[in-house]
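Q: As a plain string of letters, each chain reads:
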Amino acid sequence: MGAVLHVAGLWKSYEAQEALRGVDLDVARGEVVALLGPNGAGKTTLVSIVAGLRKADSGLVEVDGIDALARSREVRRHIGIAPQETGIYPVVSVRQNLALFGELNGLGRRDVRRRVEEVAEALDITDLLNRQAGKLSGGQKRRVHTAIAFMHRPRLLLLDEATTGADVETRKHILELVQRLAEDGSAVLYSTHYLAEVSSLPATVAILDKGRVIARGKTQELVSAHATTAVDLTFHGEVPDLRHHGASRLGSHQVRLITPDPATALLDVLADLPSGSLSSIDIVRPDLEAVYLALTGRRYDEVDAAGVRKAQGDGADVAAR
Amino acid sequence: MSPRASWAIMRHEFRVLLSDPSTVIFVVLMPLLMVAIMKELFATALRDQGYASANGSEFAVPAMAVAFSAFSVGYAGFTFFRDHGWGTWDRLRATSASSVDIMLGKVVPNVAVTVLQLVLLFALGGPLFGLEVTGSWFAIVLLIVVLALALSAFGMLVTSVTSTMNQLNAVGSVGGMALALLGGAWVPVETMPGWAQAIAPGIPTYWAMEGFSDIILEGGGMASILTPVAVLVGFGVLFTGLAAWRFRFEDTKVYFG
Numbered sequence: 004m005g006a007v008l009h010v011a012g013l014w015k016s017y018e019a020q021e022a023l024r025g026v027d028l029d030v031a032r033g034e035v036v037a038l039l040g041p042n043g044a045g046k047t048t049l050v051s052i053v054a055g056l057r058k059a060d061s062g063l064v065e066v067d068g069i070d071a072l073a074r075s076r077e078v079r080r081h082i083g084i085a086p087q088e089t090g091i092y093p094v095v096s097v098r099q100n101l102a103l104f105g106e107l108n109g110l111g112r113r114d115v116r117r118r119v120e121e122v123a124e125a126l127d128i129t130d131l132l133n134r135q136a137g138k139l140s141g142g143q144k145r146r147v148h149t150a151i152a153f154m155h156r157p158r159l160l161l162l163d164e165a166t167t168g169a170d171v172e173t174r175k176h177i178l179e180l181v182q183r184l185a186e187d188g189s190a191v192l193y194s195t196h197y198l199a200e201v202s203s204l205p206a207t208v209a210i211l212d213k214g215r216v217i218a219r220g221k222t223q224e225l226v227s228a229h230a231t232t233a234v235d236l237t238f239h240g241e242v243p244d245l246r247h248h249g250a251s252r253l254g255s256h257q258v259r260l261i262t263p264d265p266a267t268a269l270l271d272v273l274a275d276l277p278s279g280s281l282s283s284i285d286i287v288r289p290d291l292e293a294v295y296l297a298l299t300g301r302r303y304d305e306v307d308a309a310g311v312r313k314a315q316g317d318g319a320d321v322a323a324r
Numbered sequence: 212m213s214p215r216a217s218w219a220i221m222r223h224e225f226r227v228l229l230s231d232p233s234t235v236i237f238v239v240l241m242p243l244l245m246v247a248i249m250k251e252l253f254a255t256a257l258r259d260q261g262y263a264s265a266n267g268s269e270f271a272v273p274a275m276a277v278a279f280s281a282f283s284v285g286y287a288g289f290t291f292f293r294d295h296g297w298g299t300w301d302r303l304r305a306t307s308a309s310s311v312d313i314m315l316g317k318v319v320p321n322v323a324v325t326v327l328q329l330v331l332l333f334a335l336g337g338p339l340f341g342l343e344v345t346g347s348w349f350a351i352v353l354l355i356v357v358l359a360l361a362l363s364a365f366g367m368l369v370t371s372v373t374s375t376m377n378q379l380n381a382v383g384s385v386g387g388m389a390l391a392l393l394g395g396a397w398v399p400v401e402t403m404p405g406w407a408q409a410i411a412p413g414i415p416t417y418w419a420m421e422g423f424s425d426i427i428l429e430g431g432g433m434a435s436i437l438t439p440v441a442v443l444v445g446f447g448v449l450f451t452g453l454a455a456w457r458f459r460f461e462d463t464k465v466y467f468g
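Those protein sequence lines, which keep their order, are chains W and F. Take the position in the first sequence, starting the count at 1, then add 3; the result is the number in the working numbering. Take the position in the second sequence, starting the count at 1, then add 211; the result is the number in the working numbering.
Any given hint could be a false lead.
Unchecked claim - Beta-carbon label-pair distances, calculated as ranges:
no. : chain 1 : residue 1 : chain 2 : residue 2 : range
1   : W       : R113      : F       : F460      : 25 to 35 Å
2   : W       : G137      : F       : F460      : 34 to 44 Å
3   : W       : G68       : F       : W348      : 52 to 62 Å
4   : W       : R113      : F       : L252      : 34 to 44 Å
5   : W       : R301      : F       : W218      : 43 to 53 Å
6   : F       : M241      : W       : D187      : 31 to 41 Å
7   : W       : E88       : F       : N377      : 17 to 27 Å
8   : F       : F460      : W       : D187      : 23 to 33 Å
9   : W       : R113      : F       : S230      : 22 to 32 Å
10  : F       : W348      : W       : D187      : 41 to 51 Å
11  : W       : E77       : F       : F349      : 36 to 46 Å
12  : W       : K138      : F       : M241      : 42 to 52 Å
Rather than coming from a laboratory, the hints here were simulated on the basis of the structure. Idealized CB from N, CA, C, for every residue including glycine.
Construct the complete structure from the given sequences, taking the supplied hints into account.
A: Laid out in structure tokens, this is it:
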């Protein structure tokens, strides 16, 4: 399958800060790629450049073989994007919102009417079509926002944190529609910072960290290649010194043992522990979080939380500029 | 450029505008109220200038038309800031509509509302205030159109150099007031201080007032407003050129604050 999206050596800086540092990424026809990374990793910058909303410093972006950096307008016709922030016209109806963007992406009047009904049905917003968009609930607005990106059946769908703030029902509808579009042959780049969400998608994974794709493949392949089982030991009081067992501290009362053989490792460690000091034992199966830890040496949730704090403190995420 | 995309955005802008018609009604009604209040004041000034039968509407109607159309400077920019606030600006840019399509789609409705506002004011000037146009009505409409175009172009220039809604409000309202005042729409230019009279010809509204006065009081036609029309077109081209040079589609504009 040829790549609908081909990104090579993409660099982008905001003043002195490098947001993208040589990103390479291909998304094939019919493929859903979950672009995974903590806040501030560069996901929004990458999506924005592909969509022609930001200029790259250097590198190559091709959509269906067309140079997207040089012929942005031509390429935009083939792209559907749902940006991170909800973007709808609140003072007109849902139908008028959908119709406007369908028309601006080249659909004829008859096609607009048909697609409005199809997309609305898929996202369960048919009953809302004649309602003023500003009067909908947050989840309903999110569905309308996402529906706009599907209107013209884009060859490449870019969803930037599509389910942020969405309720369970909305998330379900969005993920189903993503799957259906991919089955119809479109390529989907789905950026998210929720690790858990990736398992709900029929997706391969690209992990973006500090402006670089550090891992790419199917979840199971990445886990097998980069992560092993871990054992978390929680103590009542101070953590005894278990460094000679290869344990690393997770907190003041917790250590983690990375091991392919938890049973043997546990037997060794338990023999060294004072009786009654252990509070609990958790076997941690290898997952994407473990992959991230193995590749970066940093815990995903801490990096992500720091990204959120930075974004809140600065008033703007670097990647969202 | 795609006329279809421009037309789609224009229709959409009208829909947005008509979702809250109070603004349009307000900008049409307020000048009428101001004419009613100021007519007598201007009657005295006109009689002193030798127009013995003047009732004041001959100055008040064009003056209020020009003064209120100057506020369209802010309205032109508002549609852009509003899209940033609603998160729809990047969505528009991500469609296959070109930059020109988006600009036309947003500016033309603003020009149309300004034209409608001014045409209504002149049309109601007769029945409500006894305005008698001694010259050509076609010339009045032409002047209205070029004035609306020049002011909207100025609005685009202001939009291109402002980054927050507060800045736009300040420049749009105070700037609009200054444009009207220095152009002679609040008081006749002849009554202003010497320095203000000297700079008045550098203001687009001055030429609009010159043209309207010529048509209404002197019986002027198309030929007599060639200079005001040419100057206003020149201003429009200048402002459009500067706005096009300075406007950055990727710039972030802050809707509130």
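Q: It remains to establish, for every hint, whether it holds in the given structure.
A: Checked hints:
In this structure, R113 (chain W) and F460 (chain F) meet the distance hint of 25 to 35 Å, their C-beta atoms being roughly 31 Å apart. For G137 (chain W) and F460 (chain F), the Cβ-Cβ distance of about 25 Å falls outside the hinted range of 34 to 44 Å, so the restraint is violated. In this structure the supplied range 52 to 62 Å holds for G68 (chain W) paired with W348 (chain F), their Cβ-Cβ distance being about 58 Å. The beta-carbon spacing between R113 (chain W) and L252 (chain F), approximately 59 Å, falls outside the hinted interval of 34 to 44 Å.
Hint check: R301 (chain W) to W218 (chain F), Cβ distance near 52 Å, so the stated range 43 to 53 Å holds. Range check, M241 (chain F) to D187 (chain W): Cβ separation about 54 Å, and the 31 to 41 Å hint is violated. Distance hint check: the CB atoms of E88 (chain W) and N377 (chain F) are about 21 Å apart, consistent with the given range 17 to 27 Å. Distance hint check for F460 (chain F) and D187 (chain W): the Cβ-Cβ separation is about 32 Å, which falls inside the suggested range of 23 to 33 Å.
At about 26 Å, the CB distance of R113 (chain W) to S230 (chain F) agrees with the hint of 22 to 32 Å. The given range of 41 to 51 Å is broken by W348 (chain F) and D187 (chain W), whose C-beta atoms sit roughly 59 Å from each other. A beta carbon spacing of about 44 Å between E77 (chain W) and F349 (chain F) agrees with the range 36 to 46 Å that was offered as a hint. Checked against the hint of 42 to 52 Å, the pair K138 (chain W) and M241 (chain F) fails, with Cβ atoms roughly 30 Å apart.
The structure is inconsistent with the numbered hints 2, 4, 6, 10, 12, although it conforms to all the rest.
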